[in-house]
Amino acid sequence: MTPDIDAANAQAVDQMMSARPILKGLGTAAEVIPGMQANLILHAGPPIEWGRMSGPLKGAVIGALLFEGLAKDEKRAAEMAASGEVDFAPCHHYGAAGPMAGVISASMAVYTVENVTHGNRGYSTLNEGYGKVLRYGAFSPEVLDKLHWMNDQMGPVLAEALERSGGVDLRALLAEALHMGDEGHNRNKAGSLLYLKLLSPWIAEVAKDDALEAKILRFLGDNALSVLNPVMAACKAMADAAHGVEGSTVVTVMARNGTDFGIRVSGLGNDWFTAPAQIPDGLYFSGFTSQDANADIGDSTITETAGIGGFAMAAAPAIVSFVSGTPKDALNTTLEMYEITTTEHKHFTIPALDFRGTPTGIDIRKVVELGITPRINTGIAHKEPGIGQVGAGLVRPPKEIFEQALVAFAERYAL
Amino acid sequence: MTQVSFEIRRGAYYDSVVLMQLQRALVELDEVTDAGVVMATPANLELLQQNELLPADLVAAPEDLLIVVRAATEKDAAEALSRVDGLLARRRAAVEAEFRPHGLDAATKMLPEAQWVLISVPGRYAAQVARQGLGCGRHVFLYSDNVPLPEEVSLKQVAADKGLIVMGPDCGTAIVNGVGLGFANRVRRGRIGLVGASGTGLQAVTVRIHQLGGGISHALGTGGRDLKAEVGGRTTLQCLDLLNRDPQTKVIGLISKPPDATVTRRVLSAAYALGKPTVVHFIGYPAPARSLGNLTFANSLSEAASIAVRLERESSATTPPAKAGDGKRSGSAVTRSGRRFLRGLFSGGTLASEALRTLGILLDPLFANLTSDSAAKLPDPLVSRAHTILDLGEDEFTVGRLHPMIDNDLRIRRFRQEAADPEVAIILLDIVLGEGAHPDPAAEWVPVIEEMRRAHAVEVPILMVGTQEDPQNLDAQRKRFEAGGAHIFEDTAAAAEFILQRLGVGLLPEGQPVALEALTKPLAAINFGLESFYESLLSQGAQAVQTDWRPPAGGDDRLAAILQKMRTNT
Chain X
1 MTPDIDAANA QAVDQMMSAR PILKGLGTAA EVIPGMQANL ILHAGPPIEW GRMSGPLKGA
61 VIGALLFEGL AKDEKRAAEM AASGEVDFAP CHHYGAAGPM AGVISASMAV YTVENVTHGN
121 RGYSTLNEGY GKVLRYGAFS PEVLDKLHWM NDQMGPVLAE ALERSGGVDL RALLAEALHM
181 GDEGHNRNKA GSLLYLKLLS PWIAEVAKDD ALEAKILRFL GDNALSVLNP VMAACKAMAD
241 AAHGVEGSTV VTVMARNGTD FGIRVSGLGN DWFTAPAQIP DGLYFSGFTS QDANADIGDS
301 TITETAGIGG FAMAAAPAIV SFVSGTPKDA LNTTLEMYEI TTTEHKHFTI PALDFRGTPT
361 GIDIRKVVEL GITPRINTGI AHKEPGIGQV GAGLVRPPKE IFEQALVAFA ERYAL
Chain B
416 MTQVSFEIRR GAYYDSVVLM QLQRALVELD EVTDAGVVMA TPANLELLQQ NELLPADLVA
476 APEDLLIVVR AATEKDAAEA LSRVDGLLAR RRAAVEAEFR PHGLDAATKM LPEAQWVLIS
536 VPGRYAAQVA RQGLGCGRHV FLYSDNVPLP EEVSLKQVAA DKGLIVMGPD CGTAIVNGVG
596 LGFANRVRRG RIGLVGASGT GLQAVTVRIH QLGGGISHAL GTGGRDLKAE VGGRTTLQCL
656 DLLNRDPQTK VIGLISKPPD ATVTRRVLSA AYALGKPTVV HFIGYPAPAR SLGNLTFANS
716 LSEAASIAVR LERESSATTP PAKAGDGKRS GSAVTRSGRR FLRGLFSGGT LASEALRTLG
776 ILLDPLFANL TSDSAAKLPD PLVSRAHTIL DLGEDEFTVG RLHPMIDNDL RIRRFRQEAA
836 DPEVAIILLD IVLGEGAHPD PAAEWVPVIE EMRRAHAVEV PILMVGTQED PQNLDAQRKR
896 FEAGGAHIFE DTAAAAEFIL QRLGVGLLPE GQPVALEALT KPLAAINFGL ESFYESLLSQ
956 GAQAVQTDWR PPAGGDDRLA AILQKMRTNT
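Protein chains in written order, with the numbering used here: chain X, 1 to 415; chain B, 416 to 985.
Keep in mind the hints are simulated off the structure, nothing from the lab. From a predicted model like this one, the values you see are computed outputs, not experimental measurements. Glycine included, each C-beta is placed from N, C-alpha and C at the ideal position. Incorrect hints may appear among the rest.
[Said to hold, decoys possible] Some chain X residues well away from chain B (every beta-carbon gap over 10 angstroms; in silico):
#	residue
1	Ser18
2	Glu68
3	Lys72
4	Phe88
5	Tyr94
6	Asp152
7	Ala204
8	Glu205
9	Gly371
[To be verified] Taking beta-carbon pairs under 8 angstroms as the criterion, some of the chain B residues facing chain X (in silico):
#	residue
10	Val433
11	Met435
12	Asp449
13	Gly451
14	Val453
15	Ala455
16	Ala458
17	Asn466
18	Leu468
19	Pro470
20	Gly518
21	Arg623
22	Ile698
23	Gly969
24	Leu978
25	Met981
Could you build all of it, start to finish, from the sequences and the hints given here?
Below, the structure written as structure tokens:
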């Protein structure tokens, strides 16, 4: 029985759009992520073993083992990772999504986002801000100190604040941020301010002293990416709602581990389709060039998968200059993505396109037929662990992974 | 030894991207070895420090803009800093490229009013693009060649079912509502509508009409193979029907390379059924008559043009011709009764041959006991089939008898036999007067004609050859035959016209009729392929979208085959 692909895709994107992700709370990974283990390290992208991991991912893994107290120093951590004493798995296998290296270990604080329409959940860590950070593979004492502060000081306050607030409707927040110049991936300035605005009264109520309150508010307010991680968990919850529709060719995961780029497709179960990740094209910070760049990394491409990020470029003309573009190019980017997607989003709209919905639900058929790969906005990591972000720009997934998926679909459904 | 200089602009906010661009512009200056342009946040200052760009004595707040340059000398550094404002103000040349969609879905969203899809991509991909165009309800102008014939047949079948037109494949020329598609000349707009299977033929005729002071309503191309037997003239028939209904068109011209015989009959039957004067020129095809009903046959492209111009002037000088779809198609009372065939019983072989030629272009199936391109050979001369024309002067009938010009007996017996056939509507006779012929044909024929008309309601047209000076006297014979209910004609074309009228010859186009809007709405099109076609549309004031077309699946046949299967499954 051959599937009605169009009907299956319509169902998949309808589920993706009707998913309503609410940021419900915060707890340690071990507490909130089902199946999380003390010796398990989750990472961004498709599955990968230690030996093939890129610099920033290795650095983040080492940092996590130090943070957990599982290893006393870098050397021991690397030994543990190489010897199989710790297990590795993609965040995506656990309903989670992590920016850049995307490493999650058992005692890290993670947000829980619940899709209240279908009941599934998405998880992500707290965003660490800029500079030396674990997600870019840094693991120096200051990095770990900051993580501990986030976990031990800020985490409980946010957890309590979120509980008192009754939850943050992230779909509504994103819809509003798109009207304020964000695209939800590289630019989350407006969304982060909205997030701060929503939480600050509750933080003020909960924080046990003014100094901590001020420090938390400043930490969230100084970071234009504060909301990125909850947004990614929300996108994961929305994309997962579209997964597993028999006969659907809609992409439900796009993710990179710094070595490989992988996708999953709604009607193709849990198989990954992977190929080597590429070096993004973009602008570099002072003192860095593309020679310093690591191959594309991070689960943040879940935003494009859910119909925002690069797909909503037309909403965020301020950031097109990353690829030497003009506001017109931003419009053209979104127009191009309409050609490879299934529908226009019911909730995420773009003022500059007369409030047309964002392109939503990447269809592998269209990608292969037209030769247009998804457009992704991304940060660029240094290839050595611990140096951090060196730029930002544009990348497209390798087209082979969509071709592989198409061939697999033909086999799976005996076409 | 290098020099690091800096500048602080207090409270000057710039988007980080602008700053990164400024930084890149500074680094590109010859005298500058490195530069940093940042808002002076702690994280940014740390970055500068890592790159040894952090000035030692800096006092700056996060809302301050910090510009640092490293150069060989202090003078070079100062020079670079002095150029910051110029670099900030520098605006990239406005390269505002319009979005070019790759696929048809996006193109139709950009120009929903586009009724036409122009296709000039390589032939092996063209049919698929055409199919997509038809799939979303668009007419197709298919310039590409090397489209396999079965694909053409299939595309035109799909189009007919949906009330759409496929001009082509290998259609070089068309003018729709004043806008040339593909290769077309700038000619005056007017009331002559053309259909052509030949692109250059259409160009030659439109140009000649223009030179003669006439004008073109539309010139519709069909593609060179449309009149082949396999395709059956589908597009030609649709175009004729469209032009017939188009209020702008008063005269129709039909131009083609030599068509297949069967298709010729179909196309001419359709043309004959039109309510408008129609010029026909099939290159190399001998005209069956100068004119037949509304059809006028031309012998050259140039003559086709001049006849069209003349007919157009005549038609605008007199009352317009009968409305489209008038009585011809519905058929006469005779044909409605189930009597629908012609039988011709000739005494003269040459007259029989001429009747065959003239009627043969429209009557189908047509049999004869003569060898002719226009008719099939009757297997048994004693038993007529469908439409039949017999020369009773042939040896097979005259062995042991007098010639039928002298002896009417054989023809009269056959006349009775034919009239008694319940499928026969019309019996055509020739009556040849003069020296040596029967002295009084009316005396023998009129009683039989009267009897058979009463009994079987057959119509009897008669081709009469004679003069007033003949012993039988033409006028006297005519009067007596007419009194008996016969219709007398003195040339084949006139008799043929009577017959075709009575038989209600004419072909209704198959499939859904094409909406007239295809011709009457302002032309808007989506162009796949040759950019010059797109530019030409714009320069003619038409709306158009140029697509950035690429072979499906990058030309990978295996993937394209999977995509095709996925399409047919949904």
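Hinted contact Gly518 (chain B) with chain X - closest CB pair below 8 angstroms = Holds, about 5 angstroms.
Against chain X, run the beta carbon of Ala458 (chain B) and see if the smallest gap drops under 8 angstroms.
-> 4 angstroms, holds
Verdict on Lys72 (chain X) as a residue remote from chain B, using beta-carbon distances over 10 angstroms | At roughly 27 angstroms from the nearest Cβ of chain B, Lys72 (chain X) sits farther out than 10 angstroms, so the non-interface label holds.
Would the stated hint for Arg623 (chain B) survive a check requiring a Cβ distance to chain X of less than 8 angstroms?
-> Violated, about 44 angstroms.
Gly371 (chain X) remote from chain B - nearest C-beta pair above 10 angstroms = Given that some Cβ of chain B is not farther than 10 angstroms from that of Gly371 (chain X), nearest at about 5 angstroms, it is violated.
Against chain B, does Ser18 (chain X) hold up as non-interface, every C-beta pair farther apart than 10 angstroms?
-> 23 angstroms, holds
For Ala204 (chain X), which was marked as not at the interface, is the minimum beta-carbon distance to chain B over 10 angstroms?
-> Its Cβ never comes within 10 angstroms of chain B, the nearest being 23 angstroms, so this holds.
Is the nearest Cβ of chain B still more than 10 angstroms from the Cβ of Glu205 (chain X)?
-> 28 angstroms, holds
Would you check whether Val453 (chain B) satisfies its interface hint, that is, whether its CB is within less than 8 angstroms of any CB in chain X?
-> 7 angstroms, holds
When the least beta-carbon distance from Gly451 (chain B) to chain X is tested against 8 angstroms, hint result = 4 angstroms, holds
Classify the hint on Asp449 (chain B) as holds or violated, based on whether any CB of chain X lies nearer than 8 angstroms to its CB.
-> 7 angstroms, holds
Tell me if Leu978 (chain B) is really an interface residue toward chain X, meaning its C-beta lies closer than 8 angstroms to one of theirs.
-> 5 angstroms, holds
The earlier numbered hints that this structure contradicts are 9, 15, 19, 21, 22.
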